[in-house]
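Number of protein chains: 4
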Amino acid sequence: MPLILKAKISLMKSFASDNYAGVLPEMMQALNNANAYHARSYGSDEITKRTVAIFRKIFDADVDVYFVFNGTGANLLSISSATQSYNAVLCADISHIYNDESSAPETITGCRFFPLKANENGKLDTPIIQERLIRKGDVHYPQTKLVSLTQSTEYGTVYTQEEIKTISNLCKEHGLYLHVDGSRFFNAAAALGCDLKDISTSAGVDILSLGGTKAGMMFGEAVVVFNKALSEHIAYKQKQIIQLASKTRFIAAQFEAMMYNELWRSTASHSNKMAQLLHKTLLKYPEIKVTKPVQANAIFAEIPKHWYEPMQQHFPFV
Amino acid sequence: MPLILKAKISLMKSFASDNYAGVLPEMMQALNNANAYHARSYGSDEITKRTVAIFRKIFDADVDVYFVFNGTGANLLSISSATQSYNAVLCADISHIYNDESSAPETITGCRFFPLKANENGKLDTPIIQERLIRKGDVHYPQTKLVSLTQSTEYGTVYTQEEIKTISNLCKEHGLYLHVDGSRFFNAAAALGCDLKDISTSAGVDILSLGGTKAGMMFGEAVVVFNKALSEHIAYKQKQIIQLASKTRFIAAQFEAMMYNELWRSTASHSNKMAQLLHKTLLKYPEIKVTKPVQANAIFAEIPKHWYEPMQQHFPFV
Amino acid sequence: MPLILKAKISLMKSFASDNYAGVLPEMMQALNNANAYHARSYGSDEITKRTVAIFRKIFDADVDVYFVFNGTGANLLSISSATQSYNAVLCADISHIYNDESSAPETITGCRFFPLKANENGKLDTPIIQERLIRKGDVHYPQTKLVSLTQSTEYGTVYTQEEIKTISNLCKEHGLYLHVDGSRFFNAAAALGCDLKDISTSAGVDILSLGGTKAGMMFGEAVVVFNKALSEHIAYKQKQIIQLASKTRFIAAQFEAMMYNELWRSTASHSNKMAQLLHKTLLKYPEIKVTKPVQANAIFAEIPKHWYEPMQQHFPFV
Amino acid sequence: MPLILKAKISLMKSFASDNYAGVLPEMMQALNNANAYHARSYGSDEITKRTVAIFRKIFDADVDVYFVFNGTGANLLSISSATQSYNAVLCADISHIYNDESSAPETITGCRFFPLKANENGKLDTPIIQERLIRKGDVHYPQTKLVSLTQSTEYGTVYTQEEIKTISNLCKEHGLYLHVDGSRFFNAAAALGCDLKDISTSAGVDILSLGGTKAGMMFGEAVVVFNKALSEHIAYKQKQIIQLASKTRFIAAQFEAMMYNELWRSTASHSNKMAQLLHKTLLKYPEIKVTKPVQANAIFAEIPKHWYEPMQQHFPFV
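Chains as they are written, first to last, in the working numbering: chain Y, 1 to 318; chain S, 1 to 318; chain G, 1 to 318; chain C, 1 to 318.
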């Protein structure tokens, strides 16, 4: 059985996770700056307000923004704001939310999570979504209410604006919400060479988990709400699912710095390029088979089994 | 697309569900008898005590018994007594618990329910169970704690004692509990010509949902606990998940009558035989294809599409 | 310390609970009648439809009706249909929902239940409700959304139409729903000599748990929805909280019989009168002090401690 | 009605909350240091291991330590690890967990939270705890399993070792766990002039929420587990309730710095002293009435109503 090597490269010192990397110098600076004075807590401070205003400009929409602690928090705040406990959520069988968040999704939202077979590039195709749009109004069956995509995907591929629009249209047709788990959203936008709004606002996304931690922040993600119908409960849910930071300004400040002069783009482009470089280098080794298109900052490769141990010693990958 | 005809025949007046049938005369009699005097509530009455004693004899074990309102209640009381919210439950993809109980399983237990591909006879094979026994101790992944079988299965087939033992052994080896959703458990035992204990106590089952409603009762199921490790929380959980009847004696009385002279066997055998009779008759019609072995009281058949409407008028099946 | 004797008298054989009594002959008859033929399940049968139509006439409103298994089920279906998990429910500190349903209210709804000090007659006064209407919009505090009254109260007293209206007006003013836990609602209406609608529809109640079990049914309660805003989720929630009976007709049939010629009134009046008779008799004994007004079918009395044991032997009260 | 002024003074620029203050320079330094290299995620890094070892030394016990995002997270991780959903938690009616965490405690744990009347100093007395130790084994009533104290209390007072021991002994006698919400635990130890272990390990505490954020960290709290019986589920629960940081090292590093040379003590002592200084100054103003003993870093004072507006402008207190 071949090894699946997930080399998600930020600063390229191991192959395990972009979590292993630390914090960008610009983030440390932003944190220092944010520490200059007293400030109101729980998001009513000036930095948070300023950053929300920046988000509205960048996403070119009257979005609501909630800064949370981590990726699972962002995903579950998004989903719990959009669902009732009798609802179902459709996600890819390989998705982070289905494979790496324990049963928190079920416990926190009460919903059924249906794992849909992702295509070979790790994406959801519309036919497989449509297959599950059954038994509407049947109280004996979880009522599908939300589709969750991952951008970039768990295979390191990227949904185009067109692909998202197709799914979004299907969602609208059936009264479903479209959520994007964007823990590597910056990498996706950098790979596509597009603006953040192009694959969110303009693609019909209802709510977005915008990742900070894997992008080089110390901690923090943002939930961006495009569809005002999702705003009714979300502020209360944030507190309830333990995702409201008292010193919110230190999350907001990092996002502000990340948005300044599109720092996110240069950083994400760099790690995307490092993945390309690694890919190019790997092509020289016939023993290695790269199994997925390299589009963002992840490479999936099969390597000879006897390489595992020596590699593990130099570049831990588990 | 062929029709899947589910003919679960008790008294054979429709093809929709054994729920459509009413209540056995012996049950009505038992309910009348139980109404003769005042009695303590919430299961501390004499009838309930007597019936529990009968269960212990029949199952040849020091079982605990909890009488609940319905099948979903029996399943979720069983599972919530055996799990923590971070656990996973393995069940067949075609199982009732996955397809016909809304997202109540997730909401009530908090657990992930993994739908395992049932084999062509609607049963779980051990290899497919083993495939999911991964990532033990990994906090990011739901920790499998329980396997849930359906007896007889949703395809009308029956697990043999040997088949259950095989799964039970696998469970013990991996520290998992084995639950049986026995909403048609009487039909299974009747089909196998065995005692109730043979496919529960002697087969290594930890906890059983023993079905009453579909067997001809007015309402009521019994949760039978074989493994004392599951007894710690169950009485409290029964109240908590709203499955404790104040006049419990009226559920117990029906089970007492059902056990008397093995009434369950004659009743279940009758409906099993009616299924056989129907099957035999269907064989004369080349247009009809019976797709699953007919073992208990259900027949799965493909019939010509233009038969739907006339059949629906005489024997409703949706 | 004086004993609080709760003599809830239906047929007067013990002092413990009206649950101890069995089932009215008219209920047994109704159950027998309902068993005459096959019927659709889960409430889509003719008896259920007929009974809902009767409810609409009696309550003089386009109510939705959901038949459930027991009182906790009725209360929690009502409340979970009206609330989000970040909400608070206001109830009396002596209420059944706060004292006798384990922590099921919290577990099932996620809400905070604030126990408000009932007045000496076991009722909620408006000032004590108003005291809790604080911190609206504050995400750090449970947001009050529903007030729950008990009719007749846990002290055996009865809210008048006027008293309910006063609370209902307060609720409307503050955007709250008014729920009535009416497990002894028939006793209340009989005591007041009014119609069922007078203390529900005409009093501004939003949702009612209408008790059957304590009124002489074998099992079953009805949730009556007056406010259509509460109808959006309720059918799904009923399945989810395990309160959807497959043979719903056997609950509906009992309610149909209970409504026929106002059987509820003659039955409830009888037990109310028995309470009055007992009260009158108790007045002859100076050792006994009746502590609450006797209005429905409960008497609260302090009796000499040395009477406990002999009384307990003849008329169990614990 | 007099104003209750909560002056929780860290760096004394407002009267609203110690959250308004920023981050100690030593914490910023620790965060910078922790950023020097790549590290394993989710707490398996070297800094986290090192800090846990330091905790074991300081608390003089083989404690388990879980670093979480915020105070509600620490409290609910503690409580959910110690309880089943049918349990009750006893806490003070003025406690943060009852008043400032929405209904997250109920939603996340499922438990009933009984608000016990705190004494005039904001503490729980044992008689009021004992009053609630009723109906043990009664499935209809939430089963008390845990007592939660706040140290320092919400009134700025401090439990002595002796007071905690008394409650702890009562807990042990009744099979209850003792939890301490120590969001200002450092202030309490500084006020008492004792070691951290004196009011935890040596006082019979089972599990402690050790506050970092209000003590001058950017974010982060530690759950310290003294009773190994609470360790079974806690690692899984941490993930489940969304309190597992991928870059855990940045929380651990702050605690490491806080423990170094007892930085916590000098910092907490300073803010305690500032409270004393303010108190002393206030004594000169006969219009001001300080209502609670000033022991840690909070002052509760009644001030003339016409002072509100001018004060609010200079030192915001809401």
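Worth flagging that the hints you see were computed from the coordinates, not collected in a lab.
Check before you lean on any hint, since a few could be wrong.
Note that identical chains are pooled: a pair holds if it fits in a single copy or bridges any two copies.
Quick list of in silico lysine-lysine cross-link-like pairs, BS3-like style, CA-CA up to 25 Å [said to hold, decoys possible]:
#1 Lys165 with Lys289
#2 Lys305 with Lys136
#3 Lys165 with Lys228
#4 Lys197 with Lys305
#5 Lys136 with Lys49
#6 Lys117 with Lys280
#7 Lys228 with Lys273
#8 Lys49 with Lys289
#9 Lys145 with Lys228
#10 Lys165 with Lys136
#11 Lys172 with Lys289
#12 Lys289 with Lys273
#13 Lys197 with Lys273
#14 Lys289 with Lys145
#15 Lys284 with Lys172
#16 Lys57 with Lys273
#17 Lys136 with Lys117
#18 Lys273 with Lys284
#19 Lys284 with Lys165
#20 Lys57 with Lys136
This structure is a prediction, so every number in the text was calculated from the model and none was measured.
Hint-by-hint comparison with the structure:
1. Lys165 with Lys289: neither (32 Å within a copy, 43 Å between copies)
2. Lys305 with Lys136: between (48 Å within a copy, 23 Å between copies)
3. Lys165 with Lys228: within (19 Å within a copy, 35 Å between copies)
4. Lys197 with Lys305: So Lys197 and Lys305 fail the 25 Å test inside a copy (43 Å) and across (49 Å) alike.
5. Lys136 with Lys49: between (41 Å within a copy, 22 Å between copies)
6. Lys117 with Lys280: For Lys117 and Lys280, the Cα distance exceeds 25 Å both inside one copy (29 Å) and across copies (39 Å).
7. Lys228 with Lys273: neither (37 Å within a copy, 48 Å between copies)
8. Lys49 with Lys289: neither (48 Å within a copy, 37 Å between copies)
9. Lys145 with Lys228: both (16 Å within a copy, 22 Å between copies)
10. Lys165 with Lys136: Classified as within: same-chain Cα gap 23 Å, cross-chain 39 Å, threshold 25 Å.
11. Lys172 with Lys289: neither (40 Å within a copy, 40 Å between copies)
12. Lys289 with Lys273: This pair counts as within: shortest intra-copy Cα distance 19 Å, inter-copy 58 Å.
13. Lys197 with Lys273: within (22 Å within a copy, 51 Å between copies)
14. Lys289 with Lys145: Neither. Shortest intra-copy (39 Å) and inter-copy (37 Å) distances fail the 25 Å Cα cut-off.
15. Lys284 with Lys172: Neither. Shortest intra-copy (46 Å) and inter-copy (49 Å) distances fail the 25 Å Cα cut-off.
16. Lys57 with Lys273: Result: close neither inside a copy nor across copies, 28 Å intra and 46 Å inter.
17. Lys136 with Lys117: Result: close both inside a copy and across copies, 21 Å intra and 24 Å inter.
18. Lys273 with Lys284: within (17 Å within a copy, 68 Å between copies)
19. Lys284 with Lys165: Neither: 38 Å inside a chain and 53 Å across chains, both beyond 25 Å.
20. Lys57 with Lys136: Result: close neither inside a copy nor across copies, 38 Å intra and 31 Å inter.
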